[in-house]
Amino acid sequence: MRPHVNQRQAQVLALVRERGSVRVAELAQELGISPVTLRRDIEAMAARGEIQRMHGVISRVRTGPGAVPARAATALAGGSTGSGAGEGLVIGMVVPTTEYYYAEVVRGARAVVEARGARLTVGLTRYLPGEDRTQADRLVSTGAHGLLLTPNWETGAPGPGEGAWAAELPVPTVLVERWAPPGHPAAGLDRVASDHAHGAARAVQHLAGLGHKRIALASRFTPTATRLRSGYEAAVAALGLEPAPPWPPAGPGPVSDADLFSRTLEYLCDAVTTGGVTAALIHSDTDAIMLIPRLQARGVRVPEDLAVITYDDEVAGMADVPLSAVAPAKREVGARAAGLLLDRLSEVGAEESPRQHLELLPRLTIRS
707 MRPHVNQRQA QVLALVRERG SVRVAELAQE LGISPVTLRR DIEAMAARGE IQRMHGVISR
767 VRTGPGAVPA RAATALAGGS TGSGAGEGLV IGMVVPTTEY YYAEVVRGAR AVVEARGARL
827 TVGLTRYLPG EDRTQADRLV STGAHGLLLT PNWETGAPGP GEGAWAAELP VPTVLVERWA
887 PPGHPAAGLD RVASDHAHGA ARAVQHLAGL GHKRIALASR FTPTATRLRS GYEAAVAALG
947 LEPAPPWPPA GPGPVSDADL FSRTLEYLCD AVTTGGVTAA LIHSDTDAIM LIPRLQARGV
1007 RVPEDLAVIT YDDEVAGMAD VPLSAVAPAK REVGARAAGL LLDRLSEVGA EESPRQHLEL
1067 LPRLTIRS
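Converting from the sequence shown to the working numbering requires adding 706 to each position, the first position being numbered 1.
Note that these hints are calculated values from the structure, not bench results. The beta carbon of each residue, even a glycine, is placed where N, CA and C say it ideally should be. Please note that the accuracy of each hint is not assured.
[What the hints assert, rightly or not] Using C-beta positions, here's what the derived DEER-type ranges look like:
id, residue 1, residue 2, range
1, LEU947, ARG844, 45 to 51 Å
2, ALA956, ASP1049, 40 to 46 Å
3, ASP1049, ARG746, 23 to 29 Å
4, GLU820, ALA731, 29 to 35 Å
5, ALA731, PRO954, 48 to 54 Å
6, ARG1073, ALA1003, 20 to 26 Å
7, VAL742, GLY836, 36 to 42 Å
8, ARG813, LYS919, 39 to 45 Å
9, ALA956, THR1071, 30 to 36 Å
10, GLY836, ARG1007, 43 to 49 Å
Could you put the whole structure together from the sequences, leaning on the hints where they help?
Rendered as structure tokens:
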């Protein structure tokens, strides 16, 4: 081997060990060499076990707990490992919480990751500003080969100038229950999400089929709420229904959860007693279960005066009178996202398949 090749590969190795991982395209530009030349170096170095290679990224070889075995490193480089091709792979997952909605998402992802011989590690954000990026960087720095990412985007999508970092992560990344609009850097990432707009529209269709002409939507401001409202409004328009009374304008300053709950109660009472509303889609189940006795105490009978469908279906079936509900396929979202990411990691050395945007349709469960 010629000396300059040795020097070049030593430089690559030093940079990888310093940074942990680096994109191949960026490294070729930084070193001022052609991608073809760099790929030859990478193949030789990976074969010697000096670096690990996955789709578009090279990283240092880890030792100690969580290290990638030689057979897994071979798989990342595009070789054969026999059975258990995911063995040694570490999948990082950044979610706001492992409770309530995301508990099932994480369970679905974990089942698929472990079934394919890999390991899932989780970072939590609690919706704290900037914590999503902190957790993503931490998981990558400690050896995650790919990321399942739910950023803290208030409307489920990044605001202006927000979230570009998600597209710059040095490992393959799949957005989970989040989306980015066309033209945004993160729009080119794989993603798997529930079609909440369809779920809301399905509830409106069912209520309209029962003869309800004026249907309200009661939802707190969450990353799900924007898509719920778009589906609700589209269905109301498509079915020619009468619009429900608009929400009263919010006052100045921040609003507490207690104030939001009281505001929802007042809105629904007024919508039924003076606004002609006879049915409502309420997000979420817990809000609906708390609202119903308060509505009845105010003279609004459920379901006689107000038919209710809830959104999420976490506890709707356990209400004293079981409630009909729309259920996003949370576990399946996690499972599909994990499978997509593992498939993407297996493409090392092969032509990259098209990126995918998957939306899973929620299910409506009718309870008497």
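To see whether the hints hold, each was checked on the structure:
no. : hint                           : in the structure
1   : LEU947 to ARG844: 45 to 51 Å   : holds (48 Å)
2   : ALA956 to ASP1049: 40 to 46 Å  : holds (44 Å)
3   : ASP1049 to ARG746: 23 to 29 Å  : holds (26 Å)
4   : GLU820 to ALA731: 29 to 35 Å   : holds (32 Å)
5   : ALA731 to PRO954: 48 to 54 Å   : holds (52 Å)
6   : ARG1073 to ALA1003: 20 to 26 Å : holds (23 Å)
7   : VAL742 to GLY836: 36 to 42 Å   : holds (39 Å)
8   : ARG813 to LYS919: 39 to 45 Å   : holds (40 Å)
9   : ALA956 to THR1071: 30 to 36 Å  : holds (33 Å)
10  : GLY836 to ARG1007: 43 to 49 Å  : holds (47 Å)
The earlier numbered hints are all upheld by this structure, with none contradicted.
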